[in-house]
Every structure is written in C-alpha cells, then in structure tokens.
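Top line first, the protein sequences correspond to chains C, F, S and D.
Counting the first sequence from 1 gives a position; this note's numbering is that position plus 326.
Counting the second sequence from 1 gives a position; this note's numbering is that position plus 757.
Counting the third sequence from 1 gives a position; this note's numbering is that position plus 127.
Counting the fourth sequence from 1 gives a position; this note's numbering is that position plus 2.
Hints were generated in silico from the structure; no laboratory data involved.
Every residue, glycine too, gets a C-beta built ideally from N, C-alpha and C.
Treat the hints with caution; some may be incorrect.
[What the hints assert, rightly or not] A few chain D positions that, by computed beta-carbon distances, are all more than 10 Å from chain S:
1) Gly18
2) Ala82
3) Ala117
4) Val178
5) Val213
[Unchecked claim] Simulated DEER-style distance windows between Cβ atoms:
6) D:Val34 <-> C:Gly450: 21 to 29 Å
7) S:Ser144 <-> D:Gly227: 42 to 50 Å
8) S:Asp358 <-> C:Glu518: 44 to 52 Å
9) D:Gly227 <-> S:Ala366: 34 to 42 Å
10) S:Val285 <-> D:Gly227: 13 to 21 Å
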Amino acid sequence: MDGAVIELVDAVAVLGRFPALAGATLTVAPGEILLLRGPNGAGKTTLLRLCAGLLPLARGQGRVLGFDLATQRTAVRPHVGLLGHRNGLYLDLTVAENVAFWGATAGATTGEVAAAVTRLGLVGRLADLEVRRLSAGQARRTALACLVARRARLWLLDEPHAGLDAAARDELDATLREATAAGATVVVASHELERAGALATRTVDVVAGQTRDAIGGLGAGRPLSQPSDARQPSDESDGGLA
Amino acid sequence: MEDAGFIVGSYAVALGAIAVYAWRVLARARRATADLPEDAKPWT
Amino acid sequence: MTTPSTGTRATRALGGSALGGVGWLLAFGLGFSPSDRNQAESVRILYVHVPSAWLAYLAFVVTAVASGVYLFSKRHALGWDRLAGASAEVGVLFMGITLVTGMLWGRLTWGVFWEWDARLTTTAFLFVTYIGYLAVRRLGGTHEQRARRSAVIALLAVLEIPLVHWSVRLWRSLHQEATVLRPDGEVKMDGLMLFSLFVGIVAFTLLYVWLVIHRQRTMAAEDALEDRGLDAALAARRAEATTVEVG
Amino acid sequence: MAGLVARKDLRVEGRGRVALNQVLPFAFIVMVMFAFALERLPTPANTGDTLLELVAPGLIWLATLFSLLLLVQRSFAIEADDGALDALRVAGVDPVALFLGKASALAVQLAALEAVLLGAALLLYGTELRAGGVVLLVATWLTATCGLAAVGTLYGGLAAGARGRETLLPLLLLPVVAPVLIGATRAVEAALGIEDTAIADGWPWFGVVAVFAVAFGAGGVLAFGPLIDE
Chain C
327 MDGAVIELVD AVAVLGRFPA LAGATLTVAP GEILLLRGPN GAGKTTLLRL CAGLLPLARG
387 QGRVLGFDLA TQRTAVRPHV GLLGHRNGLY LDLTVAENVA FWGATAGATT GEVAAAVTRL
447 GLVGRLADLE VRRLSAGQAR RTALACLVAR RARLWLLDEP HAGLDAAARD ELDATLREAT
507 AAGATVVVAS HELERAGALA TRTVDVVAGQ TRDAIGGLGA GRPLSQPSDA RQPSDESDGG
567 LA
Chain F
758 MEDAGFIVGS YAVALGAIAV YAWRVLARAR RATADLPEDA KPWT
Chain S
128 MTTPSTGTRA TRALGGSALG GVGWLLAFGL GFSPSDRNQA ESVRILYVHV PSAWLAYLAF
188 VVTAVASGVY LFSKRHALGW DRLAGASAEV GVLFMGITLV TGMLWGRLTW GVFWEWDARL
248 TTTAFLFVTY IGYLAVRRLG GTHEQRARRS AVIALLAVLE IPLVHWSVRL WRSLHQEATV
308 LRPDGEVKMD GLMLFSLFVG IVAFTLLYVW LVIHRQRTMA AEDALEDRGL DAALAARRAE
368 ATTVEVG
Chain D
3 MAGLVARKDL RVEGRGRVAL NQVLPFAFIV MVMFAFALER LPTPANTGDT LLELVAPGLI
63 WLATLFSLLL LVQRSFAIEA DDGALDALRV AGVDPVALFL GKASALAVQL AALEAVLLGA
123 ALLLYGTELR AGGVVLLVAT WLTATCGLAA VGTLYGGLAA GARGRETLLP LLLLPVVAPV
183 LIGATRAVEA ALGIEDTAIA DGWPWFGVVA VFAVAFGAGG VLAFGPLIDE
C-alpha cells in the first residue's frame with residue numbers, strides 16, 4: 327500500500343449539533359505508530375470514529391486506506407480495527423468464542439484465530455473463561471486478539487493503556503510493535519504522555535477539535551492546559567445513534 | 758335542530774383543533790425566522 | 128418583510144381562501160343543506176368527518192411518496208424529507224379529527240361512540256402508526272440520519288396499510304351487524320347535501336396545503352438555524368484553539 | 003454469515019439463559035394473570051366452553067407479543083453490553099446477514115416460548131387439541147413466529163441506539179403486529195374448533211399471517227441496513 331493510510335483535510339464531524347471535530351488535517355503513512363495527544367473532550371475519540379467510517383463527514387475531505395470517507399465509509403470498515411473504551415465483546419461468551427466470532431466476520435480460518443489467541447497469551451484455562459470474569463487487561467488483550475484475527479490493517483486505539491498494570495502495558499506495546507512490523511498502521515489516542523510517547527514514532531496534538539503537529543518527537547511536547555470551555559460535552563461517550 | 762350539541766360540537770372540535778395547530782405552527786415560524794437573515798430563507 | 132414569518136403573498140392568499148372555504152362550509156354544512164330523511168341532522172357531521180378522513184389519507188400518501196423520493200433519488204434533497212414530516216404531522220391532526228367526529232357521528236347514528244367497523248379500526252391503527260412515525264422523527268442525530276430513518280419507517284407504514292385493512296375487513300365480515308347505515312359512501316347524498324360535502328373537501332384541502340407549506344418552511348428555517356449554529360459553533364471551537372495556544 | 007450471527011445469539015442465550023429464566027416465567031405469569039382477570043365470569047350458555055376456553059387463542063398470542071418485546075430488548079441488549087453493536091458496524095458485517103441472523107435466533111426462542119404457552123393454555127384454560135386442526139395450528143405457529151421475529155428485529159434495530167428506547171419499542175411494534183394478532187388468533191381458533199368453527203375457515207387467516215411474514219421478511223432485509231447504520 328504505497329499511499330498514506332489516512333489523509334484528512336479540514337475534516338469536520340458533528341456529535342448531535344456540537345462540532346466535536348472542527349477541521350482536522352492529518353496524514354499517516356503505513357507502518358507508523360501515531361500518538362494523538364490531547365485533553366479529554368478535545369475530539370480524539372471522534373477523530374478515531376471518523377477514520378473507522380462510523381461517523382459521517384460533515385465537511386472537508388478524508389481518505390482512509392484509499393477509501394473516500396464521504397462516499398465509501400461503509401467499505402473502509404472491514405479493514406479497520408477500532409478499540410474504544412468498551413471492548414465490543416460478548417460478556418457471556420468465552421475468550422476463544424469471542425475471537426472465533428470476530429475472526430469469522432472477516433473470514434479468518436480457525437488456524438488464524440488460534441494463532442491470534444496464542445500470540446496474545448490467552449492460552450490454556452484463560453481461553454475458556456467467560457469474558458465477564460476477565461480482568462481489564464485480559465479483556466483488552468482479547469479485544470486485541472480479535473483485531474489480529476480480523477487482520478485489520480489500521481488499528482485505531484482509544485486510551486488503550488487505561489486500566490492496565492505495568493506488565494499488561496508492556497505486552498500491549500509489544501503487540502502494537504508486532505502489528506506494525508506485520509504491516510499494520512496504529513493510531514493511539516491517549517492523554518497519558520509517558521507511556522504512549524515511548525511507543526509512538528510521531529505525535530500529533532489534538533486541540534479543540536483540530537490537529538497540530540507537535541514540535542519534534544516526545545521530548546519537546548509541553549503539557550497542554552485544559553481548555554476552560556464549560557459547555558463542551560465530553561465526546562468520550564460511546565457514539566450510539568446519538 | 759336536535760342533537761345540535763353534537764353537530765356544532767363536531768364542527769367546533771374540527772375547526773378548533775386546526776386553529777390551535779395553525780397558531781402553534783405560526784408561532785414556531787415566527788421564532789424560527791426571527792434571527793434568520795433574509796437570504797437564508799429558502800422560500801423567498 | 129417587517130414581521131419575521133414564513134408567510135409570503137401566495138400563502139396569505141391561500142390562507143384567505145381557506146378561511147373563505149371554512150365560512151362556506153359553516154354556512155352550507157350547518158345552515159342551507161337539508162336534513163337527511165332517515166339520519167336527520169347528524170348527516171351534517173359528515174361534511175367535516177369525510178373531508179378530514181380523505182385529507183388524512185392524502186397526507187399519508189404524500190408522506191410515503193416524499194419519503195420514497197428522498198430515499199431513492201440520487202440527490203437526497205432534504206426538502207422531500209421536510210415535506211414528508213410536515214404532511215405526516217398535519218395528517219395526524221386530520222386523522223385525530225376524523226376519529227373524534229366519527230365517534231360523535233357514531234353516537235348519533237348507532238347510539239355508541241365506538242364501533243369496531245373495518246374503516247374506523249384501520250383509521251385508528253393509522254393514527255397510532257403515524258404517531259410512532261413522528262416519535263421517530265424526534266430521535267435526533269444529523270438531518271440526514273433523521274431523514275433516512277423517517278423515510279424507512281414511512282415506507283414500512285405504507286407496507287402495513289393493506290395488511291391491516293385486509294385483516295380488519297376479514298375480521299369484520301365475521302360479525303356482519305345489520306346496521307342500515309355505514310359511515311360515508313353508502314349514505315345516499317344528492318343536490319345540496321353533496322354540494323356541502325364538496326365545500327367541505329375544498330375547504331379542508333386548502334387548509335391542508337396552507338398548513339403543510341407553513342410547517343415545512345418552519346422546519347426549513349429551523350434546519351437552516353441549526354446549520355448556521357454549526358458554523359457559529361465551528362468558529363467558537365476554532366477560537367478556543369487559539370486561546371489555548373496563547374495561554 | 004447470518005448463521006454465524008444466529009449461532010452467536012443462541013450461544014449467548016444458552017450461556018446466559020435470560021430468555022429461559024426470565025422471559026418464559028414472565029409469559030407464564032401473564033397467562034395466569036389473564037385467568038385471574040377472566041375466570042370468574044359465568045360460562046356463556048351456548049357452547050358449553052368456559053370463557054377462558056373461548057378466548058384462549060387470543061390470550062396465547064397476547065402473551066407472545068408481550069414476551070416478544072422482552073426478547074427483542076434482550077436481543078439488542080447483548081450487543082449494547084460491551085459496545086458490540088459498534089464493533090459489528092466496524093467489522094463491516096453485512097446488515098442483511100446481521101438481520102437474518104438475529105431474526106432467526108429470535109425466531110427459535112419465540113417458537114419455543116409459544117409452544118410452552120400453548121402447553122399452559124392446555125393446562126390452565128382447558129383447551130383441547132383437535133386432530134384435524136394440527137396442520138393449521140403448526141403452520142400458523144411457525145409463520146407467525148417468523149413474521150414476529152422479523153418485525154421485532156427490524157424495530158429493535160431502530161430503537162437500539164435511541165434515547166428512551168424501552169418505551170419507543172412498544173409504541174412502534176405493537177400497532178404493527180396487529181394483523182398477526184388478529185390473523186393468528188382466528189386461525190388458531192379454527193384449528194382448535196372454538197365455537198365449532200370449521201378448520202377450512204382458518205386458512206384465509208393463515209394467509210394473512212403468511213403475507214405479513216413475507217412482507218416483513220423482505221421489508222426487514224431492505225430496511226435494516228439504513229436503520230441500524232449511524
């Protein structure tokens with residue numbers, strides 16, 4: 327895939343009547359691990375959902391994996407993996423059953439599903455445990471296993487490190503590096519600078535619905551003050567049929 | 758005219774309901790167009 | 128335009144003629160037309176009941192057609208969605224009037240307010256279905272989402288009408304009650320009575336068109352306001368970014 | 003793909019057993035409540051059947067409709083628990099397969115529930131089966147189940163993400179299923195020989211239910227995509 331994975335030019339996306347994304351311009355090359363940095367409510371989640379083809383493009387242009395977001399946003403979805411605050415799993419089903427289901431939606435063979443499960447270390451007794459009984463880290467790894475099984479080429483992760491202990495975070499970072507090595511591209515939205523920073527090849531700031539290239543890599547980025555806009559509903563809530 | 762109550766009543770209900778609804782629509786129209794500049798009115 | 132409103136010279140003329148129609152309806156319906164041989168005065172209610180029923184059905188046909196055009200036309204013009212919404216709202220109003228006047232008429236003719244007659248039952252069913260449609264229209268989301276969702280529900284409602292009518296008619300045929308008179312249609316009308324009915328239909332049609340035009344324009348104005356609101360919110364959002372930068 | 007979704011729904015139900023442990027008892031209780039409400043009336047003189055026996059088919063289908071509301075809400079609750087609905091959209095699962103999958107899983111649960119309700123009617127209301135009417139009974143049972151499952155999944159999908167969905171679903175669904183309530187009740191009355199109605203009289207009613215099932219099967223396949231997508 328030669329061209330850029332994500333090309334946004336002044337993209338605007340609206341939650342209800344609030345322009346959560348007010349003109350984001352962003353280009354992501356294949357194989358990158360991009361860190362989207364910014365306070366809560368800056369529009370990070372909306373940006374990820376827009377790239378996953380879940381939100382209509384209100385204004386501006388956008389292409390993901392060669393698909394035009396204005397007209398082909400349903401076609402882009404099978405190639406994208408979005409991991410929000412909720413893992414999108416079935417709590418009553420076991421780890422193995424969940425990964426098998428989500429893999430099957432993308433036509434993965436049982437071999438590929440088994441490989442994904444073992445790669446995320448979800449083996450033995452853990453594989454037959456219902457997701458309801460898993461720890462946050464294990465559930466997060468199950469969701470990642472689903473992404474691997476679905477062979478997603480673009481990973482959009484929203485606060486993936488939230489709720490994980492140090493060991494689980496290291497595993498997560500290893501998985502992301504493996505994914506990019508295998509040709510995937512990863513975009514991580516996080517406001518935890520020290521964790522994600524070490525991982526990212528590039529950092530972009532998201533401020534009040536717009537993107538700014540951070541000055542240099544991790545080091546130079548200075549912590550952003552929380553914009554004092556009180557009326558701003560947080561867009562971190564899951565975007566059902568708002 | 759016997760049963761006048763029912764008959765006039767039916768007219769009153771029908772025309773009354775239409776009048777109330779028309780009034781509500783016009784009031785809402787006035788509110789909506791109050792701060793809408795002349796050009797933005799698609800029907801003018 | 129001094130007072131802000133959705134009115135234009137055309138709608139004022141239309142409004143005037145609608146009021147004229149109502150005046151004629153009152154004059155003929157209550158005054159000049161004779162009483163019926165066997166139903167006596169209650170036939171006058173029909174001059175309101177029948178037109179409102181026909182206009183309600185027309186309104187729902189307009190909603191269905193407009194929804195179809197919105198969904199299947201390439202341009203997806205929101206104007207059609209607004210027409211569908213406005214017509215449905217006026218349709219529910221007229222359907223409500225049809226039911227109430229139908230019950231008043233039933234009270235005088237059959238001595239009972241509600242009669243599980245095929246026509247009245249279908250009308251009541253349509254009334255509830257389109258109240259559901261209006262509830263769906265208020266679900267929020269962008270204008271396009273609202274339009275698409277409402278259009279689908281409107282077409283499903285149209286799919287439902289023949290089914291309900293068929294099953295209700297079949298159901299009523301089991302209990303063939305021997306009422307001499309059935310509401311409208313079967314009631315023989317001639318001369319002045321037929322003219323009064325005609326006046327009723329003309330008056331209600333004018334009212335329907337006038338109401339739909341104003342309702343649709345109000346919706347257009349509100350949508351335009353929202354879009355302008357979006358620009359304002361966008362500007363404010365962008366301004367926010369600069370203040371953070373400076374701060 | 004539709005089979006995949008259906009198996010997933012049924013496995014979740016098999017694991018969680020909410021329909022079995024909650025919806026089924028609810029349906030049974032509704033039947034008992036009907037009996038409380040109607041049983042004390044004197045038996046009508048003419049046919050010798052008790053009132054409950056006369057209205058049993060209607061009560062069965064009413065209890066089915068109320069249970070359908072719960073099953074549909076449950077069917078979309080399992081998606082909403084952990085954001086699976088969004089994940090299904092991102093996975094690019096074809097809406098037609100999603101609709102057919104969820105509808106067939108719902109149909110299986112609904113069919114089982116209706117069978118139990120018929121059993122309850124035999125037990126509580128003194129309904130007797132009639133050999134001749136069994137074909138009509140089974141035909142109506144299956145067709146009505148397909149129709150209700152299709153329309154339930156369709157309107158369930160619409161209400162899934164909306165605010166106030168618990169109250170929106172009954173408002174939208176109950177009027178729409180009126181033809182099934184009328185048709186299926188009359189057809190079952192003919193099948194059971196209530197008031198000595200001939201079996202032949204039941205088949206036009208079966209026609210109504212069948213047309214409803216076909217119409218909303220097709221309607222669902224076409225309309226589910228636009229309704230479920232954001």
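Against the structure, the hints come out as follows:
1. Gly18: 29 Å, holds
2. Ala82: Alanine 82 (chain D) clear of chain S: closest Cβ-Cβ about 16 Å, beyond 10 Å.
3. Ala117: 24 Å, holds
4. Val178: 6 Å, violated
5. Val213: 6 Å, violated
6. D:Val34 <-> C:Gly450: 21 to 29 Å: Distance hint for valine 34 (chain D), glycine 450 (chain C) is violated at roughly 48 Å.
7. S:Ser144 <-> D:Gly227: 42 to 50 Å: 45 Å, holds
8. S:Asp358 <-> C:Glu518: 44 to 52 Å: Since the Cβ atoms of aspartate 358 (chain S) and glutamate 518 (chain C) sit about 35 Å apart, the hinted range of 44 to 52 Å is violated.
9. D:Gly227 <-> S:Ala366: 34 to 42 Å: 39 Å, holds
10. S:Val285 <-> D:Gly227: 13 to 21 Å: Holds - the Cβ-Cβ distance for valine 285 (chain S) and glycine 227 (chain D), about 19 Å, lies within 13 to 21 Å.
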